[in-house]
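Put together the whole structure using the sequences plus the hints.
Residue numbers (my numbering), protein chains in the order written: chain P, 2 to 302; chain W, 40 to 848; chain X, 1244 to 1457.
No lab work stands behind these hints, which were simulated from the structure alone.
Each hint should be verified, as a subset may be incorrect.
[Stated by the list, open to error] Chain X regions said to be covered by chain P (calculated; three or more residues, Cβ under 8 Å):
1. 1348-1359
2. 1363-1370
3. 1374-1387
4. 1390-1402
We treat Cβ as the ideally placed atom computed from N, Cα and C, and that holds for glycine.
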Amino acid sequence: MPLQSLDIVRRSATTTPSPMARAAAEVAVAKLIDTSKCIGCKACQTACMEWNDLRDEVGSCAGTYDNPRDLTDQSWTVMRFSEYENPKGDLEWLIRKDGCMHCADPGCLKACPSPGAIVQYANGIVDFHEEHCIGCGYCVAGCPFDVPRISKKDGKAYKCTLCSDRVAVGLEPACVKTCPTGAITFGTKEQLQHDAAERIVDLKSRGYEQAGLYDPAGVGGTHVMYVLHHADQPALYSGLPVAPRVSPVVRLWKGAAKPLALGAIALAAIAGLLNYVRVGAKEVDPADEAAAEREKEKAHG
Amino acid sequence: MTNHWVDIKNADVVLIMGGNAAEAHPCGFKWVVEAKAHNQAKLIVVDPRFTRSASVADLYCPIRPGSDIAFLGGVINYLLANEAIHREYVTNYTDFSFVVREDFAFKDGLYSGYDEAKHSYDKSSWEYERGKDGYVVSDPTLAHPRCVYNLLKAHYARYTPEMVERVCGSPKDKFLEVCKHLASTATPTRAATIMYALGWTQHSTGSQIIRTGAMVQLLLGNIGIAGGGMNALRGHSNIQGLTDLGLMANLLPGYLTLPKDSEQDYGAYIESRTQKPLRPNQMSYWQNYPRFHVSLMKAWYGAAATAENHWAYDFLPKLDKGYDMLAVFDRMFDGQLNGYFCQGFNPLAAAPNKAKMTAAFSKLKYLVVMDPLATETSEFWKNHGEFHDVDAAQIDTEVIRLPTTCFAEEEGALVSSGRWLQWHWKGAEPPGEARTDIAIIAGIYRRLRKLYETEGGAYPDPILKMTWPYARAEEPSPEEIAREYSGKALADVADPKDPKVVVRKAGEQLAGFAELRDDGSTASGCWIFAGCWSEAGNLMARRDNSDPTGIGQTRNWAWAWPANRRVLYNRASCDPAGKPFNPARKLVAWNGKAWAGADVPDFKADEDPAGGMGPFIMNPEGVARFFARGAMAEGPFPEHYEPFESPLGYNPLHPKEPRVVASPAARIFKKDREALGKADAFPCVATTYRLTEHFHYWTKHVRLNAIVQPEQFVEIGEVHAKELGVRAGDRVKVSSNRGSIRAVAVVTKRIKPLTIEGKPVHTVGIPIHWGFKGVAKPGFIANTLTPFVGDGNTQTPEFKAFLVKVERV
Amino acid sequence: MAEHDRPDLIERHGRQERLQHWVVALLFLLAAASGMALFHPALFWLAAVLGGGTWSVILHPFVGLAMALVFARFAAPQWGDNRLLPNDRVWLERLREVIEGRDEHLPEVGKYNAGQKVLYFVMVACVAVLALTGLAIWRRYFAGGLPVGVVRAAALLHALAAFVLVLGAVVHVAAALWVKGAVGAMTRGTVTIGWAWKHHRAWFRQMIRPTGGR
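Laid out in structure tokens, this is it:
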């Protein structure tokens, strides 16, 4: 990769090491989504569509503010609105910008069978390279956040790239650039964790005792993080997973099962061959034929 | 805005009421977020719905649409009763101590001088008492029973928390919490800002609601200070510029006013507007009215405006009656108009009572629509099925569409809510045959002029003698027009203190309105904009956001009217001796010789505070008014009146007085009064509003906006929905006495039934953005439902509170 | 009746059966190649068999489905011949002798020996599981409509069933190559009577009855 900013550290379906010679200085980047500053204006959605040249269908209203209703190959981010009456009896309108979390331990990459279709850059961004995508949808099964979507147009998987093209040249993602309230920020993961800590102090002072940062360890942490008023109940935010991790089923499928199965098959073939060599072919000799002939004649009287 | 967007970051308390800044002003709302993040500000939202603003608020309090005066009156009562007022501020900078005339009275909801037949007041008794010296009588001890303070206290004593709960449906504990937060800013070092928008203006009592808010701010000493103010969030670019340039039918540029039919005499016209000080040593800036007026006439008529012809006074139209939107459309409905020009206006969608509007347009001979988009108005004659069911064969109106450029296809200045004139540049070439509004208007002007030249006419002078000094007569450039409204010297302008000193040479651009003269030596097309394009060039194009004081006073970013001043009345941020009330957020201060600081002083720059000049220099009394005198149609103190369509049918403050159920001085025509609905048939309170995803009726033409909010919906509360048997996503029919619409139901916890005078009242939320043109799913025009009623001062329609019923389809 | 007139041969697999077998075999090879390509990166090169990764993803489900259908048609009539009988237990208990090639003490075997029968049922089960789970993870048509947990489980089961099936196929092929004459049974359709006598004596006796065993 000519751009150092897009140096790849992990590549799907690849058993050999990625180029590492110049991987030293790259810092982990991240996007911080502060739900306590988000007003659900959907500017990020339109910025995403504009920058990435995506145009979803003009849908319909399903009786909520959520439009488009779900992530699609044309909508890499959507706002999810949920109304929550807290124990004090006050209403809270919890709005969450949904999209790829850019896991440090990405389930999609783990599941992907096509070499190089999913990569992880040294800066932490998990990116789909659609030209290598074979459209199997394993990434969908592999993702603990239900993010990738297969396009009906070309059968390939799409999701938020964290604007890797912008980030590569020193720009912030389009959604960050456009967010009018500063609810979405971009920087090094370390800096954003620090900023989040400051926000959490503020939220606690406003009575959100359980305010916290969502950076789930189960997937090795994420490069998209949330400041939540109720970090103890992420599910309140339209079903944000409480303890996301790459499913054990997927781990088995794309982990231990692979070498074991391959080994077993090879072993079986080798064993068959060796047995053949050891025992020799099982042949019918003339004596058998003669015995058969005798018996046949007897039978026919 | 008295202040500006960036200044909101200085607030300690932010009250959003009568607006939904997060929803409708998301970009400016960032400063609320900033105030919360870095100034520990508390955000309070008072709204009929739990809005997007409420979603990030510290405190939300529900309110019944149209009961804002009751709520704010309750706040005033709380502040006065608990002495939570900025004493030094109100004593020195308001009319607290002024004595009101003896014949002024308020009884059963009516002020003295009411004429029931005309639905208006003789306001002569709404005045201060004058002393022998001609000045207003003042009692600094506040002991006088008729001083403004005592009248105010008595007036709002009725607005108890219990009354607020009964009338507004706002729970008493929440209301008191709002009061406490606001009261915390009565100290000199804390500031509260009020952010409002159409949720206050679009009521039959809209102007008075805003006044009540301003009174709260005055009591707290929050006007003129950083982080304070009354901040009107202007809805669209360039609506602030439109108001500033006098596009209201009764205004001239810079809030000068058109003469009335009765004002044929120039001297009397000028005299009545040149306000003399009402107290000793007050500035009374409107004393300069002649300078502004003459400079305007010189800008328009150049050499043809002379002292002899009273600066072309006769060229100005004289108002025989109101020409506001409602009045004009009512006349159109009556068949009194032949033609109508819609420039950047989609009245079929934007004006109340679509059925009446359709009938009105159908009576025109021609309708010209200047717009970048194919608007609903331009197709009012065409059948669009259930969404607009008309018979084209029955309509003879000829519609002419003149496609215009949109904002991104032209350059010029846009005025923000914070009064900043920001120059912007063309981003793209216009499509097809679209031309700029300037080119179209210039083309019409030149053809008219030619017709008058060749064919003559009743009075051709106002057209023929107009100056047209532009390089390309067929399309004046935005730069030329900007230079014209900023103004220039026509002859050498002398220093008034020393006539030998020339402060501005002939032909030069003026530095500001201080250089305007009433002798014809200066021209300025809009005095408040004077100086925006000075000899230093186009100051509106400046983009230096340095903020040396750290309080958001970026004086080299664009240019703010007036005089690049960022916070109006900033003298009031200092105590009477000229020291800042809050040194940490110093806007200006007296340094012993002059006023200076982070802002341009809103004061006479070298005026020693010892002289006692008041900070409210636009008022002839030098101080701010609780007692509005004759400035308002309904009375000097705001009083709660019900919306014209009230779920109660009586005024809970005056249950036995039928004349004061709704505003006694509002704009309503007889036919429209008959079209009002009653609570027995239409039991729910409806309110219309905007969504973040859309801008008015424009963005339904835009794919991206249509994707993120595709289809018309109405919002109803869960309890209401349950009663109706409606679930989220079902279709419902919403009807008022004027028509009905059908839309998807958004069923929400964010709207709760309110208990008003003991009975439950449901609120129905109706976003306005849909119509039958565009790429979003076609929908009904929300204003099918709204009543043709206007505020008594601004004639702004009552879009925010009316009665409907909801049924399952 | 027999398609040959040589008295020293017995028909073991009819023409249609043979055809079905080889169609299944071919489809299996294609499905297995493309499937294994998606299963382990070390085998991704096998995707070339169907024209690369994307073609593999597009064609594999159709190939697999076709295989399952033909296999069903192929395997259904053999159900009866594969019923496990008491003798089969004995046979299985002496599997070691089978592998060693010592047939002397094995019970008489019908058309299929117990190993073949077990393999038959394993394959039937695997193909059924593969077909069902394959539909569930077929992204283009079905996977989107199922809960992600179901898709994940299906993917794992699919891989598991494929693994077992491939393993079975390896045993099947190894046995066929080992037992001389078996390949001919599935190509020509016939075995010598000596072959039948030696490997499937019960079947042999059934076949030499004058009625022809049918």
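Do the hints match the structure? See the list:
Coverage of the segment 1348-1359 of chain X by chain P is violated. Counting CB-CB distances below 8 Å, 0 residues qualify, and the rule asks for three or more. For a cut-off of 8 Å, the count of residues in the segment 1363-1370 of chain X with a CB near a CB of chain P stands at 0, and the three-residue condition is violated. Under a criterion of three residues with beta carbons nearer than 8 Å to beta carbons of chain P, the stated coverage of the segment 1374-1387 of chain X is upheld, 5 such residues being counted. By the rule of at least three residues with a Cβ nearer than 8 Å to a Cβ of chain P, the coverage given for the segment 1390-1402 of chain X holds, with 8 such residues.
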